[in-house]
Amino acid sequence: MSTQTIAGVAVDVTDEGFLTDPEQWTRDIGVEIARAEGIDPLTPPHWQVIEFMRSEYFEKGTGPTVRVLGKTSGVSVKELYQLFPKGPAKVAAKIAGIPKPRGCV
Amino acid sequence: MTHLVVLGGGTGGTLAANRLRKALPHAAITVVDEDDRHVYQPGLLFVPFGLAHPEDIVRPRGRQLHDGIEYRVVAIDRVDLGTDTVHLADGTRLGYDVLVVATGSRLVPEETEGLLGPAWMRSVFTFYNLTGAAALEAALARFDGGRLVVNVVDMPIKCPVAPLEFCFLADWYFHERGIRDRVDITYVTPLDAAFTKPTAARALGGMLEDRGIELVTEFNTGEVDGEGGRLIGYDEREVPFDLAVVIPVHSGAAYVGASPGLGDDLDFVSADDQTLQSHAKPNVFVLGDASSLPVSKAGSVTHFQGEVLVENILHFLSGEPLQAAYDGHANCFIETGFHKAMLIDFNYEQEPVAGHFPTAVGVPLLKESRLNHLGKLMFQWFYWHALLPGRDIPGVTSGMPSAGKQIPSPPVTEEVGA
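Protein chains in written order, with my numbering: chain A, 1 to 105; chain B, 1 to 418.
I should point out that these hints are in silico values taken from the structure, not numbers from a laboratory.
Owing to the predicted nature of the structure, the values given are computational and were not obtained by experimental measurement.
Wrong hints could be hidden among the right ones.
Distance condition first, Cα-Cα at most 30 Å in a straight line; then the derived DSSO-like pairs of lysine-lysine [what the hints assert, rightly or not]:
1) A:60 - B:158
2) A:100 - B:158
3) B:281 - A:78
4) B:340 - A:71
5) B:281 - A:60
6) B:340 - B:367
7) A:78 - B:158
8) B:197 - A:71
9) A:86 - B:158
Non-contacting residues of chain A with respect to chain B, defined by C-beta distances greater than 12 Å in every case (computed) [unchecked claim]:
10) 9
11) 42
12) 65
Partial pick of chain A residues on the chain B-facing surface, computed with a CB cut under 10 Å [to be verified]:
13) 27
14) 31
15) 54
16) 74
Glycine is no exception: its CB is placed at the ideal position from the N, C-alpha and C atoms.
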């Protein structure tokens with residue numbers, strides 16, 4: 001874990017670049033992380049997914065998996081991969097400032 | 001009279017009902033399942049290789065239940081949490097004081113595009129149910145060479161090590177037949193490594209490499225094109241195959257989805273990860289694969305949870321705080337081929353590491369041995385004769401033992417001002 005300055009804000013991130021405290025997140029931080037992930041600009045459908053991930057996280061304590069996102073976010077799994085080609089659950093979670101979705105065991 | 005209703009007559013439902021029968025001799029206990037075929041699921045892995053026969057791993061569900069337990073063979077329609085009632089498909093209702101949800105998980109191949117297409121059960125199979133495993137035995141016997149692909153579509157799945165074991169056994173099987181050099185084996189997983197936990201993932205990844213089994217990671221199967229012989233990922237990567245063994249995605253039982261407030265988006269039931277009391281309602285408890293707890297969907301997990309579940313149901317009925325706590329203990333024999341197996345033992349906090357089980361004098365952990373293979377074979381006897389009847393297995397406790405494990409010591413922190 002280390003401290004990084006993203007969009008002018010000092011935030012705590014894991015080795016993989018996930019924010020450890022979702023409360024530190026701002027939309028500008030999301031934009032900057034997205035740019036580093038090769039997603040620029042963030043379009044309204046991106047924001048729909050990002051906001052859905054954050055509300056799921058605050059409600060359930062973990063970000064949704066791709067399959068659950070496809071069932072519940074209103075965006076199909078195919079579209080999710082078009083929006084976040086490197087993996088919707090992981091990349092969208094990173095941009096949304098929530099921890100990496102809990103891997104299944 | 002107290003009425004306990006147990007939904008599901010598999011590993012969890014059976015051992016819970018039998019333990020509850022002993023603990024509460026005067027309560028009425030009803031177990032419900034839609035059929036009377038109890039499959040010893042760890043045996044499914046061996047069927048495709050001719051090492052077990054379907055009829056050897058199935059017994060009647062009702063016969064595994066102790067006297068004095070009512071067994072109903074009927075499908076479950078839904079649970080009404082508000083009135084504490086289970087509605088059954090034949091129109092009858094069961095009222096309960098305590099409900100145990102132990103209906104496991106079901107395969108939903110229809111969620112993956114193309115999986116149930118014309119090639120299903122011709123060149124695309126699963127070994128995760130009895131018909132699939134038996135059909136795959138014939139397909140493997142006919143297979144004379146080419147690309148064998150083993151694909152996990154998405155987590156969670158039952159017994160997350162079983163697809164790896166399938167690869168190891170396939171390696172052994174084609175060696176025995178003298179055609180290993182004509183078969184390419186590829187393991188295709190959505191995970192970023194061979195397994196979820198880092199130390200075991202490294203060990204298992206190394207074992208795939210030693211056997212010449214190719215590992216494709218972070219592959220999210222979007223479509224199975226059976227006739228074209230290829231898996232197509234959502235990221236447009238493709239993996240070609242001549243024979244595909246696919247582990248379809250899993251959901252909880254369908255009635256969970258039809259019961260308002262009981263399950264999550266995948267029809268699994270969420271519960272306190274220590275007490276096993278559901279978040280749906282205090283008089284509903286969850287056991288085994290039916291839950292959304294962050295543990296493997298595996299018989300050993302269900303077994304270790306059983307003791308805790310029964311103790312907490314007794315506390316609940318007496319109006320006491322639920323004192324028993326499940327620690328996430330899981331224990332799996334991993335069959336590695338050539339008459340060897342490896343054992344892993346872990347819990348919520350402790351990932352699988354090397355050492356011995358259950359103490360320093362015991363069977364080796366995270367290391368292949370013949371003894372572990374015998375352990376795996378012997379386990380079927382314990383399953384029917386000790387685990388299901390609700391007896392304790394000597395040396396195997398609900399909580400995870402640490403004595404024999406090589407656990408790295410935590411970094412030493414210096415005390416400031418000392």
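Consistency of the hints with the structure:
{"no.": "1", "hint": "A:60 - B:158", "in the structure": "holds (23 Å)"}
{"no.": "2", "hint": "A:100 - B:158", "in the structure": "holds (22 Å)"}
{"no.": "3", "hint": "B:281 - A:78", "in the structure": "violated (36 Å)"}
{"no.": "4", "hint": "B:340 - A:71", "in the structure": "violated (41 Å)"}
{"no.": "5", "hint": "B:281 - A:60", "in the structure": "holds (17 Å)"}
{"no.": "6", "hint": "B:340 - B:367", "in the structure": "holds (10 Å)"}
{"no.": "7", "hint": "A:78 - B:158", "in the structure": "holds (25 Å)"}
{"no.": "8", "hint": "B:197 - A:71", "in the structure": "holds (27 Å)"}
{"no.": "9", "hint": "A:86 - B:158", "in the structure": "holds (26 Å)"}
{"no.": "10", "hint": "9", "in the structure": "holds (29 Å)"}
{"no.": "11", "hint": "42", "in the structure": "holds (20 Å)"}
{"no.": "12", "hint": "65", "in the structure": "violated (7 Å)"}
{"no.": "13", "hint": "27", "in the structure": "violated (27 Å)"}
{"no.": "14", "hint": "31", "in the structure": "violated (23 Å)"}
{"no.": "15", "hint": "54", "in the structure": "violated (17 Å)"}
{"no.": "16", "hint": "74", "in the structure": "violated (13 Å)"}
Violated hints for the displayed structure, listed by number in ascending order: 3, 4, 12, 13, 14, 15, 16.
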